[in-house]
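Could you put the whole structure together from the sequences, leaning on the hints where they help?
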Amino acid sequence: EADIYQTPRYLVIGTGKKITLECSQTMGHDKMYWYQQDPGMELHLIHYSYGVNSTEKGDLSSESTVSRIRTEHFPLTLESARPSHTSQYLCASSDLPANYGYTFGSGTRLTVV
Amino acid sequence: GQNIDQPTEMTATEGAIVQINCTYQTSGFNGLFWYQQHAGEAPTFLSYNVLDGLEEKGRFSSFLSRSKGYSYLLLKELQMKDSASYLCAVRPTTDSWGKLQFGAGTQVVVTP
Chain X
8 EADIYQTPRY LVIGTGKKIT LECSQTMGHD KMYWYQQDPG MELHLIHYSY
58 GVNSTEKGDL SSESTVSRIR TEHFPLTLES ARPSHTSQYL CASSDLPANY
108 GYTFGSGTRL TVV
Chain R
-18 GQNIDQPTEM TATEGAIVQI NCTYQTSGFN GLFWYQQHAG EAPTFLSYNV
32 LDGLEEKGRF SSFLSRSKGY SYLLLKELQM KDSASYLCAV RPTTDSWGKL
82 QFGAGTQVVV TP
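Going line by line, the protein sequences match chains X and R. With my numbering applied, the first sequence closes on residue 120, and no number is skipped along the way. With my numbering applied, the second sequence closes on residue 93, and no number is skipped along the way.
Honestly, the hints are just simulated from the structure, not real lab data. Some hints here could point you the wrong way.
[What the hints assert, rightly or not] Simulated restraints on C-beta separations:
# : chain 1 : residue 1 : chain 2 : residue 2 : range
1 : R       : GLU22     : X       : ILE20     : 19 to 25 angstroms
2 : X       : THR27     : R       : VAL31     : 33 to 39 angstroms
3 : R       : SER48     : X       : THR84     : 20 to 26 angstroms
4 : R       : PHE10     : X       : GLU70     : 27 to 33 angstroms
5 : X       : LEU67     : R       : PHE10     : 20 to 26 angstroms
6 : R       : GLU(-5)   : X       : GLY21     : 42 to 48 angstroms
7 : X       : PRO90     : R       : PHE10     : 51 to 57 angstroms
[As the list claims (entries may be wrong)] Calculated pairs, DSS-like style, for lysine-lysine (alpha carbon to alpha carbon, straight line, at most 25 angstroms):
#  : chain 1 : residue 1 : chain 2 : residue 2
8  : R       : LYS38     : R       : LYS62
9  : X       : LYS38     : X       : LYS64
10 : R       : LYS49     : R       : LYS80
11 : X       : LYS64     : R       : LYS80
12 : R       : LYS62     : R       : LYS49
13 : X       : LYS38     : R       : LYS80
[As the list claims (entries may be wrong)] Below, a sample of chain X positions facing chain R; criterion: calculated Cβ distance under 7 angstroms:
#  : residue
14 : PRO46
15 : GLU49
16 : PHE111
17 : VAL120
Since we're looking at a predicted model, the values are computed, not measured. Note that the Cβ used here is the ideal one computed from N, Cα and C, for glycine as well.
Structure below.
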């Protein structure tokens, strides 16, 4: 049973549209992350949060933005989608003990046409 | 910079053993993780090493050598359901809450 939920699972959208990818977790984790993954490529960190009202950009530059108003919710928004944004977006959370790493959501596969 | 290398693909037969190697060069080190990712699904946690040596968990074992910047994941008694991508990830900071850096993954194909 998943403790971290991402919606939608798949999304096909036209260029220029605004979209929000949802991520929610029920574990009370403070740390949350967004990764971008292209087929056969490594996961790249695009945003992370260490708690409410805390957001930071990751290692990979992204035109998306995030917010963390509630502990359980970490949505990602693209103001104007472009074909270059086509990718899989994975949300994750973590907490102590640190040796368990991350719990991942099922991902959102985004296609911008 | 950070660099995590693992082979792109490995093929093995059902019942066999496969060893997936991972080498890393990172600015710091506070743990190495292995994840399994089936196509179209989320990565799931397999193992964690922070000290040198072997960690065994059922059919899966993971080894770490910090001085060599090297780890491997050993999959024994392979089953068809083990066909998946295996991701090596390093926490390159002394902060135990720090972010993970991932390799590109090794696609393991198990044949009958």
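Quick rundown of the hints versus the structure:
Take GLU22/R and ILE20/X: their Cβ atoms lie about 22 angstroms apart, and the range 19 to 25 angstroms holds. Between THR27/X and VAL31/R the beta carbon distance is about 37 angstroms. The supplied range of 33 to 39 angstroms therefore holds. Under the hint 20 to 26 angstroms, the C-beta atoms of SER48/R and THR84/X, about 44 angstroms apart, miss the expected range. At roughly 32 angstroms, the beta-carbon separation of PHE10/R and GLU70/X lies within the given 27 to 33 angstroms, and the hint holds.
Between LEU67/X and PHE10/R, the C-beta spacing of about 21 angstroms keeps the proposed range 20 to 26 angstroms intact. For the pair GLU(-5)/R and GLY21/X, the supplied restraint of 42 to 48 angstroms holds, since their beta-carbon distance comes to about 45 angstroms. Between PRO90/X and PHE10/R the beta carbon distance is about 38 angstroms. The supplied range of 51 to 57 angstroms is therefore violated. For the suggested pair LYS38/R and LYS62/R, the alpha carbons sit about 17 angstroms apart, so the restraint of at most 25 angstroms is met.
Annotation: proposed proximity of LYS38/X to LYS64/X holds, straight-line Cα distance about 14 angstroms (limit 25 angstroms). A C-alpha spacing of about 22 angstroms is found between LYS49/R and LYS80/R, which places the hinted pair at or below 25 angstroms, so the restraint holds. Only pairs whose Cα atoms come within 25 angstroms are accepted, and LYS64/X paired with LYS80/R is accepted, the gap being roughly 12 angstroms. Taking the CA atoms of LYS62/R and LYS49/R, the gap is about 31 angstroms. The hint is violated against a cut of 25 angstroms.
Taken as a hint, the LYS38/X and LYS80/R pair is honoured in the structure, with Cα atoms around 9 angstroms apart against an allowance of 25 angstroms. A least Cβ separation of about 10 angstroms between PRO46/X and chain R goes past the 7 angstroms threshold, and the interface hint is therefore violated. The restraint placing GLU49/X at the interface with chain R holds, with a minimum CB-CB distance near 4 angstroms, inside the 7 angstroms limit. Checking PHE111/X against chain R by beta carbon gives a least distance of about 4 angstroms; that is within 7 angstroms, so the hint holds.
The interface hint given for VAL120/X is violated, since its Cβ lies 20 angstroms from the closest Cβ of chain R, which is over the 7 angstroms cut-off.
Checked against the numbered hints given earlier, this structure breaks hints 3, 7, 12, 14 and 17; the rest are met.
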